[in-house]
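Participant: Taken in sequence, the protein lines are chains A and B. Numbering-wise, the first sequence is residues 1 to 131 according to this note's numbering. Numbering-wise, the second sequence is residues 132 to 312 according to this note's numbering.
Don't read these hints as lab results, they were simulated from the structure. Careful, some of the hints might be misleading.
What the hints assert, rightly or not - EDC-like, lysine to aspartate or glutamate: derived pairs with alpha carbons at most 20 Å apart:
1. B/K190 with B/D234
2. B/K267 with B/D234
3. B/K190 with B/E231
4. B/K190 with B/D256
5. B/K266 with B/D240
6. B/K153 with A/E120
7. B/K296 with B/E209
8. B/K190 with B/E164
9. B/K266 with B/D299
10. B/K311 with A/E53
11. B/K153 with A/E121
12. B/K266 with B/E160
13. B/K190 with A/E79
14. B/K311 with A/E121
15. B/K190 with B/D219
16. B/K255 with A/E53
17. A/K99 with A/E79
18. A/K99 with A/E120
19. B/K311 with A/E120
20. B/K255 with B/D185
21. B/K255 with B/D284
What the hints assert, rightly or not - Incomplete in silico selection of chain A near chain B, CB under 10 Å:
22. N24
23. I30
24. V46
25. Q49
26. Q54
27. A57
28. S76
29. Q87
30. D98
31. N102
32. V106
33. R111
34. C112
35. G114
36. D116
Beta carbons: idealized from backbone N, C-alpha and C, even for Gly.
Listed below, chain by chain, are the residues.
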Amino acid sequence: MKRKILIIVLGIVVLGSVGYAYINREHRDIATATVAHTVTSQELAVAFQNNEEQAVATYLNTVIEVSGAITAASASVIELSSGISAQLQEPLTEAQEDKTKNSPQVTLRGRCIGYDSLLEEVRLDQAFIVE
Amino acid sequence: MWKTAIVSVAFFMVTSITLSQKYYTKEGELSFEASVKAFEPVAAVHNGATAVLDASTGKLAVLALVRGFRFRNATMEEHFNENYIESDTYPKASFTGIIEDFDLESLSDTQEVTITGNLTIREKDRPITTQASLKKTDTGITLTSSFDTSPADFGIEIPKIVRNKITDVIHVEITFLLIKR
Numbered sequence: 001m002k003r004k005i006l007i008i009v010l011g012i013v014v015l016g017s018v019g020y021a022y023i024n025r026e027h028r029d030i031a032t033a034t035v036a037h038t039v040t041s042q043e044l045a046v047a048f049q050n051n052e053e054q055a056v057a058t059y060l061n062t063v064i065e066v067s068g069a070i071t072a073a074s075a076s077v078i079e080l081s082s083g084i085s086a087q088l089q090e091p092l093t094e095a096q097e098d099k100t101k102n103s104p105q106v107t108l109r110g111r112c113i114g115y116d117s118l119l120e121e122v123r124l125d126q127a128f129i130v131e
Numbered sequence: 132m133w134k135t136a137i138v139s140v141a142f143f144m145v146t147s148i149t150l151s152q153k154y155y156t157k158e159g160e161l162s163f164e165a166s167v168k169a170f171e172p173v174a175a176v177h178n179g180a181t182a183v184l185d186a187s188t189g190k191l192a193v194l195a196l197v198r199g200f201r202f203r204n205a206t207m208e209e210h211f212n213e214n215y216i217e218s219d220t221y222p223k224a225s226f227t228g229i230i231e232d233f234d235l236e237s238l239s240d241t242q243e244v245t246i247t248g249n250l251t252i253r254e255k256d257r258p259i260t261t262q263a264s265l266k267k268t269d270t271g272i273t274l275t276s277s278f279d280t281s282p283a284d285f286g287i288e289i290p291k292i293v294r295n296k297i298t299d300v301i302h303v304e305i306t307f308l309l310i311k312r
């Protein structure tokens, strides 16, 4: 009888721990997550411009690495040619910002959150520069 | 005759482009709050909303890619995207409308305005009217506003299990630092 109670209590504790762990799990860390797609900024932009629905199915919420020429850079947003706008996870320091503005090309890793039809750009968030 | 036509069209296009003044942001802040006291907080923040204001007409367009809403709790964020909004099918939330009686010239310090338009979530449109505060800054115009909306209006079904942990009416706050294009 005692053994039965022990097993039941243990079962509840295990289920409770699993439930607690599920509810409180960490956000995906883009830096350590597997990169689902590696593309050029042009490829990515064209994919969304040609068939947005398909591009959404392929890229939405995936971790991607996109490389291209920098068209604009601020401490919090880097934009690549063909219409890619990536919001950075961590703002750049002034030194990093200057260095970025003077780089011809860069590779960013981030999460694709979709296509901004107002400004006609593909948007990424949680992005950082891949060294 | 053709030459006159082409010149007139070109002239018209040039003047309309120079006359329309666009202010925009792609780092617009949107936050919503739906917490019920004593239960875990239900709130999310979006720091990448796009807003475009045509200062010559007062027309305002806002777009938020729903995946950009960040919750403190990862599981809550996942449920929001997969079960409530279904963001894989409806990745965007948008607003199109107008700031009533908007006059860029008369905008000095802080001004209270009324914004009317349509809010579209999960491809369902709902008319909305709300008050907003406009302030002229060195770089453009700051727009702050808030409004309340209901998930039911957009076909969002909250399962019975969690219904008492989420308020029926969601409160949304907006802050846009619109920069002159």
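Participant: Hint by hint, note whether the structure agrees.
Facilitator: Going down the list of hints, with the structure as the test:
1. Among the hinted pairs, B/K190 with B/D234 is consistent with the structure: their alpha-carbon atoms are about 11 Å apart, no more than 20 Å.
2. Taking the CA atoms of B/K267 and B/D234, the gap is about 12 Å. The hint holds against a cut of 20 Å.
3. Between B/K190 and B/E231 the alpha-carbon distance is near 9 Å, which keeps this suggested pair within the 20 Å criterion.
4. Distance restraint check for B/K190 and B/D256: the Cα-Cα separation of roughly 17 Å lies within the 20 Å cut-off, and the hinted pair is therefore satisfied.
5. Restraint check for B/K266 and B/D240: satisfied, since their Cα atoms lie roughly 5 Å apart, inside the 20 Å limit.
6. With a CA separation close to 15 Å, the supplied pair B/K153 and A/E120 stays within the 20 Å bound.
7. At most 20 Å may separate the alpha-carbon atoms for a hinted pair to count; B/K296 and B/E209 meet this at roughly 16 Å.
8. Between the alpha carbons of B/K190 and B/E164 the distance comes to roughly 27 Å, so the proposed pair goes past 20 Å and is violated.
9. For a cut-off of 20 Å, the pair hint linking B/K266 to B/D299 is broken: about 32 Å separates their Cα positions.
10. This hinted pair does not check out: B/K311 and A/E53 have alpha carbons roughly 32 Å apart, beyond 20 Å.
11. Using a Cα cut-off of 20 Å, the hinted pair B/K153 and A/E121 holds, with the two alpha carbons roughly 17 Å apart.
12. Annotation: proposed proximity of B/K266 to B/E160 holds, straight-line Cα distance about 16 Å (limit 20 Å).
13. Restraint check for B/K190 and A/E79: not satisfied, since their Cα atoms lie roughly 26 Å apart, outside the 20 Å limit.
14. Between B/K311 and A/E121, the direct Cα distance comes to roughly 19 Å. Compliance with the 20 Å bound is thereby established for this hinted pair.
15. The hinted pair formed by B/K190 and B/D219 fails the criterion: a straight-line CA distance of about 29 Å is larger than 20 Å.
16. At roughly 18 Å between alpha-carbon atoms, B/K255 and A/E53 fall within 20 Å of each other, so this suggested pair holds.
17. Using a Cα cut-off of 20 Å, the hinted pair A/K99 and A/E79 holds, with the two alpha carbons roughly 14 Å apart.
18. Distance restraint check for A/K99 and A/E120: the Cα-Cα separation of roughly 27 Å exceeds the 20 Å cut-off, and the hinted pair is therefore not satisfied.
19. Pair hint B/K311 plus A/E120 holds up; C-alpha atoms about 18 Å apart against a cutoff of 20 Å.
20. Restraint check for B/K255 and B/D185: the C-alpha separation of about 24 Å exceeds 20 Å, so the hint is violated.
21. For the hint linking B/K255 to B/D284, the alpha-carbon distance of about 8 Å falls within 20 Å, and the restraint holds.
22. Satisfaction of the interface hint for A/N24 is found here, the shortest Cβ-Cβ separation to chain B being roughly 7 Å, below the 10 Å cut-off.
23. For A/I30, the interface hint is violated, the least distance from its beta-carbon to any beta-carbon of chain B being 13 Å, above 10 Å.
24. Because the beta carbon of A/V46 sits about 18 Å from the nearest beta carbon in chain B, more than 10 Å, this interface hint is broken.
25. At a threshold of 10 Å, the smallest CB-CB gap from A/Q49 to chain B is about 15 Å, leaving the interface hint violated.
26. For A/Q54, the interface hint is violated, the least distance from its beta-carbon to any beta-carbon of chain B being 12 Å, above 10 Å.
27. Checking A/A57 against chain B by beta carbon gives a least distance of about 7 Å; that is within 10 Å, so the hint holds.
28. Evaluation of the A/S76 hint against chain B yields a held restraint, the C-beta minimum of about 7 Å falling below 10 Å.
29. With 10 Å as the threshold, the beta carbon of A/Q87 comes within range of chain B, its nearest partner Cβ sitting at about 5 Å, so the hint holds.
30. Using the Cβ-Cβ criterion of 10 Å, the hint placing A/D98 at the interface with chain B is not satisfied: the shortest such distance is roughly 20 Å.
31. Look at A/N102: its Cβ only gets to about 23 Å from chain B, farther than 10 Å, so that hint breaks.
32. The interface hint given for A/V106 is broken, as the beta carbon of that residue sits about 18 Å from the closest beta carbon of chain B, more than 10 Å.
33. Because the beta carbon of A/R111 sits about 8 Å from the nearest beta carbon in chain B, less than 10 Å, this interface hint is met.
34. Interface hint at A/C112: satisfied, since its Cβ lies 8 Å from the closest Cβ of chain B, which is below the 10 Å cut-off.
35. Interface hint status for A/G114: upheld, as the beta-carbon distance to the closest one in chain B is roughly 4 Å, under 10 Å.
36. Taken as an interface hint, A/D116 checks out: its beta carbon lies about 5 Å from the nearest beta carbon of chain B, inside 10 Å.
When each numbered hint is compared with the structure, violations occur for hints 8, 9, 10, 13, 15, 18, 20, 23, 24, 25, 26, 30, 31, 32.
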